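4 protein chains.
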Amino acid sequence: MYVLAINFKSYKTSYGSRALSIAKEADSVAREYSGLVRVVLLPPATEIVRIASAVSFSSVFAQHVDPVDEGAYTGHVTAEMIKEAGAAGIMINHSEKRLRIDEISFILGKARKLGLETLVCADTPEVAAAISVLSPHMLAIEPPELIGTGIPVSKAKPEVVTGTVNKVRELNKEVLILTGAGITTGDDVKAAIRLGTQGVLVASAVMKAQEPSKIIKEMTESLIKALDSLPPALQDGGEGLNA
Amino acid sequence: MYVLAINFKSYKTSYGSRALSIAKEADSVAREYSGLVRVVLLPPATEIVRIASAVSFSSVFAQHVDPVDEGAYTGHVTAEMIKEAGAAGIMINHSEKRLRIDEISFILGKARKLGLETLVCADTPEVAAAISVLSPHMLAIEPPELIGTGIPVSKAKPEVVTGTVNKVRELNKEVLILTGAGITTGDDVKAAIRLGTQGVLVASAVMKAQEPSKIIKEMTESLIKALDSLPPALQDGGEGLNA
Amino acid sequence: MYVLAINFKSYKTSYGSRALSIAKEADSVAREYSGLVRVVLLPPATEIVRIASAVSFSSVFAQHVDPVDEGAYTGHVTAEMIKEAGAAGIMINHSEKRLRIDEISFILGKARKLGLETLVCADTPEVAAAISVLSPHMLAIEPPELIGTGIPVSKAKPEVVTGTVNKVRELNKEVLILTGAGITTGDDVKAAIRLGTQGVLVASAVMKAQEPSKIIKEMTESLIKALDSLPPALQDGGEGLNA
Amino acid sequence: MYVLAINFKSYKTSYGSRALSIAKEADSVAREYSGLVRVVLLPPATEIVRIASAVSFSSVFAQHVDPVDEGAYTGHVTAEMIKEAGAAGIMINHSEKRLRIDEISFILGKARKLGLETLVCADTPEVAAAISVLSPHMLAIEPPELIGTGIPVSKAKPEVVTGTVNKVRELNKEVLILTGAGITTGDDVKAAIRLGTQGVLVASAVMKAQEPSKIIKEMTESLIKALDSLPPALQDGGEGLNA
Chain W
1 MYVLAINFKS YKTSYGSRAL SIAKEADSVA REYSGLVRVV LLPPATEIVR IASAVSFSSV
61 FAQHVDPVDE GAYTGHVTAE MIKEAGAAGI MINHSEKRLR IDEISFILGK ARKLGLETLV
121 CADTPEVAAA ISVLSPHMLA IEPPELIGTG IPVSKAKPEV VTGTVNKVRE LNKEVLILTG
181 AGITTGDDVK AAIRLGTQGV LVASAVMKAQ EPSKIIKEMT ESLIKALDSL PPALQDGGEG
241 LNA
Chain H
1 MYVLAINFKS YKTSYGSRAL SIAKEADSVA REYSGLVRVV LLPPATEIVR IASAVSFSSV
61 FAQHVDPVDE GAYTGHVTAE MIKEAGAAGI MINHSEKRLR IDEISFILGK ARKLGLETLV
121 CADTPEVAAA ISVLSPHMLA IEPPELIGTG IPVSKAKPEV VTGTVNKVRE LNKEVLILTG
181 AGITTGDDVK AAIRLGTQGV LVASAVMKAQ EPSKIIKEMT ESLIKALDSL PPALQDGGEG
241 LNA
Chain Y
1 MYVLAINFKS YKTSYGSRAL SIAKEADSVA REYSGLVRVV LLPPATEIVR IASAVSFSSV
61 FAQHVDPVDE GAYTGHVTAE MIKEAGAAGI MINHSEKRLR IDEISFILGK ARKLGLETLV
121 CADTPEVAAA ISVLSPHMLA IEPPELIGTG IPVSKAKPEV VTGTVNKVRE LNKEVLILTG
181 AGITTGDDVK AAIRLGTQGV LVASAVMKAQ EPSKIIKEMT ESLIKALDSL PPALQDGGEG
241 LNA
Chain B
1 MYVLAINFKS YKTSYGSRAL SIAKEADSVA REYSGLVRVV LLPPATEIVR IASAVSFSSV
61 FAQHVDPVDE GAYTGHVTAE MIKEAGAAGI MINHSEKRLR IDEISFILGK ARKLGLETLV
121 CADTPEVAAA ISVLSPHMLA IEPPELIGTG IPVSKAKPEV VTGTVNKVRE LNKEVLILTG
181 AGITTGDDVK AAIRLGTQGV LVASAVMKAQ EPSKIIKEMT ESLIKALDSL PPALQDGGEG
241 LNA
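Heads up: the sequence lines are chains W, H, Y and B, in that order. For reference, each letter of the first sequence is one residue, going 1 to 243 in this note's numbering. For reference, each letter of the second sequence is one residue, going 1 to 243 in this note's numbering. For reference, each letter of the third sequence is one residue, going 1 to 243 in this note's numbering. For reference, each letter of the fourth sequence is one residue, going 1 to 243 in this note's numbering.
Calculated from the structure, these hints are not laboratory results. Among the hints, erroneous ones may be present.
Restricting the straight-line Cα-Cα distance to at most 30 Å, the calculated cross-link-like pairs of lysine-lysine (DSBU-like) are [to be verified]:
no., chain 1, residue 1, chain 2, residue 2
1, H, 173, Y, 173
2, B, 12, B, 190
3, Y, 190, Y, 167
4, W, 173, B, 155
5, Y, 157, H, 113
6, W, 97, Y, 97
7, W, 12, H, 110
8, Y, 12, H, 97
9, W, 208, H, 110
10, W, 155, W, 173
11, B, 97, Y, 12
12, W, 110, B, 155
Please read all numbers here as calculations on a predicted model, not as lab measurements.
Can you make the complete structure from the sequences, with help from the hints?
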């Protein structure tokens, strides 16, 4: 099952009623294509409670958690908190919130104990390979210089995506690999799948859209078409990774 | 009006149903002493929505906000978000989440525009004085080495509290000054008031208590008694600061 | 005595023989105008030993020190180290190396004990005012958005410079105020003095110049001319600040 | 050839004449056992020039470099600077100066281009394995909780050392693995070798010693004895790793 992950970031649309409405629209697409595409919503920490309780067919992930256990930590967001708020997983190490390697390892260990899924971002094939050794559930490859540009990495730097797939697959057969940075259209999504990844991580294309539901639907359908157009062996491969 | 500010931090009791129950207990004390003592609750970011909608007589402040405007910021908690979630104010620069001086200035400016109240922590009289120039609504003086020890700064280092009051009052007549770090009992609260501050910032004493409502009540009553025992001129002064 | 402070940063010219040669050229200008203008050189940490032992008429300041005492700190540069290496002072809180307010206060305290001079950078009049309460020897006002642009703050945002002078002078009569960001020509230097500051902090204009000695000389002479053209009372004022 | 790496940190003895004298003593041991043990000295950035020019049989590494290229970076120490100052390599990611995974990857890439050797620290076998994918020359395993305690990791947590060797060797056959944290005596050094690592990273045991030269000699001789006592096949293995 391919993945459409929507990073809400901190836009005007990322919180409050607009965020809730985007989440509900995405959830209704997720319902329509249930069993075919997995929709992951990444709202800000303050919105997890409201969005997690409003959606049924999508998964809610935190955009980040701090690398600490429970204790005397002021102003922190912990894995325990976001789980309690209704999140099923966490994203970490986005280029706008990088972590140290020991912190990534610490959080992945905690998430495992708490039963939270994990998505870790990486900026290069080398870093993606190093992180894959720590066994997250998903990896997103995002060259930071393309984030928010509307120039999809799959077009501008396809070798970054294929290089990531090659290097990571030598070390880790199971991690789902997502393509991020500049993914704007259904075509970008297809290209991401054609390059060997299992989904996309998007942000501004949805959050800044006039009609978020339209682009969510377009991307979801592109994921499904991309899956259909793969040779049967690879389709199984794709499924296998998600089983 | 004196202030009892309760920093929830990231304890086991800081989120979910236990946090909600502490917030409600505090709110019921706030109702009882309404008009005499102001109760400020500082839950984690994920809990602001639930706690803000559950209390009526207390103010909810965020424990921290990130020094950014709306935009492409992943994993950030902004002033806009916590306001939308129901917070009336923000605390910043706690010793467990220090900020740079330019970031403090930036956040105070944003809070002013958004109509949010502000509480800034400081570790020494010198730092408190520097921050007071930036005109927050409240300042808390907390020597980091005493935080969480149960040894009240008002006993261990009364000169830090009086030094803060003296230095700050030369520069800023209006900011409310709170005593933090090690405040555990009603007596600690009285000492804080006697040293010239207008309230206390507490955390573990409440969050780790067997009966949080008991210690909240004890501290609140100590604030009221401390106020009563001041000479009338100073009582007015105290009121004046809050008017 | 007015100040010409040259921040070497981390350019190709900032270390090794090119850095040494710029330092010697600056020192020879400092010798020529000795008693009239003070030249402060800010090489990288690795170059302090070599540059401090090669100059006689300029002062060497570190570009930054870490906010720690002696101890188990790996990869840190402490105030003790740079003093031993031959520095007479330290700059801190440059926009490319910001510090927390408690760290600024800590380092200023250490520098006082070690007999090191201090120069603290600020991005806005408000932040400059807050820092001035901590009594550094010098303050530099540098709007970060103008740094390295060649657009002098004295032209683009004169109100930032005059606002800084006004706010700081209410709180601190003694700190020397330097104008930074975009200072490129002798005229920029004159404008900085005319706006009420006591010198300039420059970087790329010197470090990237074809002939560094030429621009150093031009800026130094502009400082002297600016001083001459002030009414006698203000000239004394300028002197008084440096006495 | 086994490795004795001495991290000078920021102690009273870490800079100036005392640091120079420790460096010279270490260098004289390095001369005595030249070809058998490699001595790596890690002075603070300010001391690299002086120490690199004073030693002949040891290698000088920086304790840290900042993850930036040449440019407008104030207060940074770059790989170019420390190379020019005479360093042959760099250590990064010590527990007292951790880096993000993308920064580690960036610095390793730069070091490769500049011809600098690299030593990367890790806190756990998992993190060591992830870093080994990025191909540093040396890795040091140091559980932070043992650093500076005098309790050698080889005794307190031998499974951390053997776990590191096992996990890293699955991914990288060539990286030298050093044991760090709490190494105090010649016996600790022997234990480190017996557990399968190729040397030690020490700090306080040397830097705080009454007679640094004595403990340097003791550790060096222990490395040689440990090598002698290995079965011939493993001796070759040890050599092979360093060839």
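| Is the hinted pair residue 110 of chain W and residue 155 of chain B satisfied, with a Cα-Cα distance of at most 30 Å? | 27 Å, holds
| request: Starting from residue 12 of chain W, check that the Cα of residue 110 of chain H is at most 30 Å away, please. | output: At roughly 15 Å apart (the allowed maximum being 30 Å), residue 110 of chain H and residue 12 of chain W satisfy the hint.
| message | Hint check: residue 155 of chain W vs residue 173 of chain W, CA-CA at most 30 Å. Holds or violated? | response | Holds - the C-alpha atoms of residue 173 of chain W and residue 155 of chain W are around 25 Å apart, at most 30 Å.
| field | Pair hint outcome, residue 12 of chain B versus residue 190 of chain B [Cα-Cα no greater than 30 Å] | value | 29 Å, holds
| request: Could you grab the alpha-carbon distance between residue 173 of chain W and residue 155 of chain B and see if it respects the 30 Å cut-off? | output: 36 Å, violated
| message | Between the alpha carbons of residue 190 of chain Y and residue 167 of chain Y, is the straight-line distance 30 Å or under? | response | 21 Å, holds
| Is the Cα-Cα distance between residue 97 of chain W and residue 97 of chain Y 30 Å or less? | 18 Å, holds
| field | Given hint residue 12 of chain Y paired with residue 97 of chain B - CA-CA distance at most 30 Å | value | This hinted pair holds, its Cα atoms lying about 25 Å apart.
| Is the Cα-Cα distance between residue 208 of chain W and residue 110 of chain H 30 Å or less? | Roughly 23 Å separates the two Cα atoms, so the pair holds.
| Is the hinted pair residue 157 of chain Y and residue 113 of chain H satisfied, with a Cα-Cα distance of at most 30 Å? | 23 Å, holds
| request: Take the C-alpha atoms of residue 173 of chain H and residue 173 of chain Y, compute the straight-line distance between them, and say whether it is at most 30 Å. | output: Within the cut-off at roughly 21 Å; holds.
| field | Pair hint residue 12 of chain Y and residue 97 of chain H, alpha-carbon separation not exceeding 30 Å | value | Not OK: residue 12 of chain Y and residue 97 of chain H at ~36 Å, beyond 30 Å, violated.
The structure is inconsistent with the numbered hints 4 and 8, although it conforms to all the rest.
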